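Asks: Protein sequences appear in the order of chains A and B.
Going by the numbering used here, the first sequence runs without a break in its numbering and finishes at 505.
Going by the numbering used here, the second sequence runs without a break in its numbering and finishes at 301.
The set of hints was computed from the structure by calculation and includes no laboratory data.
The model shown is predicted, which means the values in this text are computed figures rather than measured ones.
Please note that a few of the clues may not be correct.
To be verified - Heads up, simulated DSSO-like pairs for lysine-lysine below, C-alpha to C-alpha not over 30 angstroms straight-line:
1) B:K180 <-> A:K331
2) A:K357 <-> B:K61
3) B:K33 <-> A:K347
4) A:K80 <-> A:K245
5) A:K347 <-> B:K206
6) B:K34 <-> A:K387
7) A:K20 <-> B:K61
8) A:K55 <-> A:K20
9) A:K245 <-> A:K357
10) B:K34 <-> A:K347
11) B:K33 <-> A:K387
12) A:K20 <-> B:K206
13) B:K286 <-> A:K347
14) B:K61 <-> B:K34
15) A:K445 <-> B:K180
To be verified - Pulled from the structure, derived: some chain B residues nowhere near chain A, Cβ distances all over 10 angstroms:
16) Q39
17) M56
18) L128
19) Q153
The beta carbon of each residue, even a glycine, is placed where N, CA and C say it ideally should be.
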Amino acid sequence: MEKQDEKTKAKTQGARPELKFGGVWPYEPALESTDHFTIAARHELFVGGEWKQPKAAGYFETIDPATEQVLSEVAMATGKDVDAAVAQAQKAFPAWSRLPGEDRSRYLFRIARILLERAREFACLETLDNGKPIAETRDVDIPLAAQHFFYHAGWADKLDLLFPGQQAEPLGVIGQIIPWNFPLLMAAWKIAPALAAGNTVVLKPAETSPLTALRLCEVFQQAGLPPGVVNVITGDGAVGALLAKHRGLQKVAFTGSTEVGKEIQRAVAGRGVELTLELGGKAAHLVFEDAALDQAVEGVVRGIFFNQGHVCCAGSRLLVQESVHDLFVQKMRARMERIRVGNPMDKNTDMGAIHSKVQLARIEQLVAAGVAEGALLHQSGCTLPQKGFWFLPSMFTNVAMSHRIAREEIFGPVLSVLTFRTPEEAVEKANNTSYGLSAGVWTDKGSRILWLAERLKAGVVWNNTFNRFDAGSPFGGFKESGFGREGGRQGLRAYVRLRGSLSPG
Amino acid sequence: MPPSLTPVEFRVPPVDAVALETRAAELARRSIKKRAKVQGLRLCIAMMDLTTLEGMDSPGKVRQLCEKAKHPLPGHDVPPCAAICVYPDLVEVAVHALAGSTVQVASVATGFPSGRTDRALKLREVQLAVEAGASEIDMVIDRGAFLAGRYGQVYDEICAVKEACGSARLKVILETGELKTYDNVRRACRIALLAGGDFLKTSTGKVTPASTLPVVLLMLEAVRDHYLETGRQVGVKAAGGIRTGKDALRYLVLVAETVGDLWLSPQWFRFGASSLLNDVLMQLEKERTGRYQRPADFPSD
């Protein structure tokens, strides 16, 4: 045995042992077929249960970010369309809110079931319109969206049990504005609890990813949902602003950037309008030397490269204990090479296209800032497609807490690596951010997990995992990551007024 | 024989079970199509240790299996299997039947499958198998000693068997179904790697669960780290419970994405199986003709 070791040592002297990938057994493209559904050339507004042309005949295009091909044109709502949508929601409210809970429950169950029956179609459409890989839409976005309808269907007739001794009443008409990173899932997060509690809704999907929310309206029609209970209006940020400021709303729910969230908060201030905001983040992974490092690598990869890093709770800062920094970075670099970047419709793609040209420019700008500030950039060596918007899986080492890439939300596949020496320092650095949406703790030591969870200022603290979501688990942030929770009982609380309670609700 | 290592040298990083299983499940969803599927299935055949380890085994049965290993589907362009795996007393029959072919003869030894016998007898068994012409020895580790925390004893025994193997390649069966935890598996990997095993093998096939995707992923990570640390490449053999071509391709994906090209050869990755071969042949014929054939269309050995 010793002899053999010497032999191999001699053979490999000078050259470090290295692994090679993809040369012996390359995978064939495994494209999800798209012949089972069609995309209409034009999409109208969904108001009062019907498809309505916008009052001024304006349309904008939505494209496939992986190819830059136009998928469809979509109606640009005007102020009158927003008025009409809110009016329809108001008209539908009395009957919908007085409907027995078990009837509302039945509608929601029906929506969930139809969504699952049409899961493949929704997954494809989401991937085309958003750029995220089909494996993610198939296994995460669509099943989770359906789960939110199932979950809230279960509560619709049990609101009294949720808030014992108090009567839960719906608020009225809810204006909901959602982002482009999880278009259908965000629509489900917003609509399901609102309807379960007896509210009616005007939803505005993001300008660059409106197609699945519009197709969801087909599901509502199929499920026989009464007209006006959900209205969907499309358009740019100005349409969102019109909706947020509308006098006919009792509540605004917004998910998106901190900047826009602040504008909305200013717009609704002093009007007695309820507000929940789910905004940006700069979450930290805390990797301790005793962690299961190979699994932590997988978790960190999932944390930052899932959905191209377009995740508000993405783990974009890696705080790693100094004693394992070099080993962990080496493992991360090797693992990043394994990430399959390319055609989002390929079932084997791990990372798809950046959602838009604007977002790509922002990522490029912040990465350039990181390089200029002296951080060391590592990127995967994979080749990117010619057309569309793409960015390589990236990681910065030698990052300082003062660097922009350690403080600003990049919202792309870029990880910033920092080190710590003690648990106290880890907490201090993790909390040293204007955000507070999520954090990830990687350690094998149970007592340390609890110690950290108490001290991290983040809405979600994942322990030895990351980016796991469940309809029953409340999600939301601290500080500039917003307020209010979505999902779980806490999420439903934000859609009701409680009578017979001490708090005004 | 190298002296016993103190237990501290067998210290291994912890393994997170949930995350390990998540990663294995994630890789199991890879979609292997067309040319990649055909190439992968052919590779699976070339990596197969066609195995018969029954009390009923007879010279006739072994000879028939040897024919199957040489020509899995006569008249078709299908590679031969990597090896035949038999009990020591049938090694001679297999060596004779396989003379002139590329198929290796592997013998289980060391009191397979439980390993509950005297070390002198284990070593003698290895010696006999090697003398009879076995070029690969599949030993079992002493799980009793391992679970009692006597890691040095497990290590010493592997070292002794390795020495008895001479030029034969040593596969170390960890019997992961009896080690129960991933942390134990990771430590057993470390012991076998340090003791000079040429292959880590999951199971005897006599204990359930036998090979699983997370366990093989973990073993691949162990041999990867060992290679990067020392430059010594060690193979992995997934044995037991792999019955379909689809399953086998999932293992191959683990290899392709964890350790990569260096391990994608019969020299460094093996399947230990008996019924797997016919399903792989059926899948290959399906790719060639577009239709599934009857099981009866494939030779039953």
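Asks: Each hint: holds or not?
Replies: Here's how the hints hold up against the structure:
no.	hint	verdict
1	B:K180 <-> A:K331	holds (27 angstroms)
2	A:K357 <-> B:K61	violated (66 angstroms)
3	B:K33 <-> A:K347	holds (11 angstroms)
4	A:K80 <-> A:K245	holds (13 angstroms)
5	A:K347 <-> B:K206	violated (36 angstroms)
6	B:K34 <-> A:K387	holds (26 angstroms)
7	A:K20 <-> B:K61	violated (41 angstroms)
8	A:K55 <-> A:K20	violated (59 angstroms)
9	A:K245 <-> A:K357	holds (28 angstroms)
10	B:K34 <-> A:K347	holds (14 angstroms)
11	B:K33 <-> A:K387	holds (25 angstroms)
12	A:K20 <-> B:K206	violated (35 angstroms)
13	B:K286 <-> A:K347	holds (22 angstroms)
14	B:K61 <-> B:K34	violated (35 angstroms)
15	A:K445 <-> B:K180	holds (21 angstroms)
16	Q39	violated (6 angstroms)
17	M56	holds (37 angstroms)
18	L128	holds (22 angstroms)
19	Q153	holds (17 angstroms)
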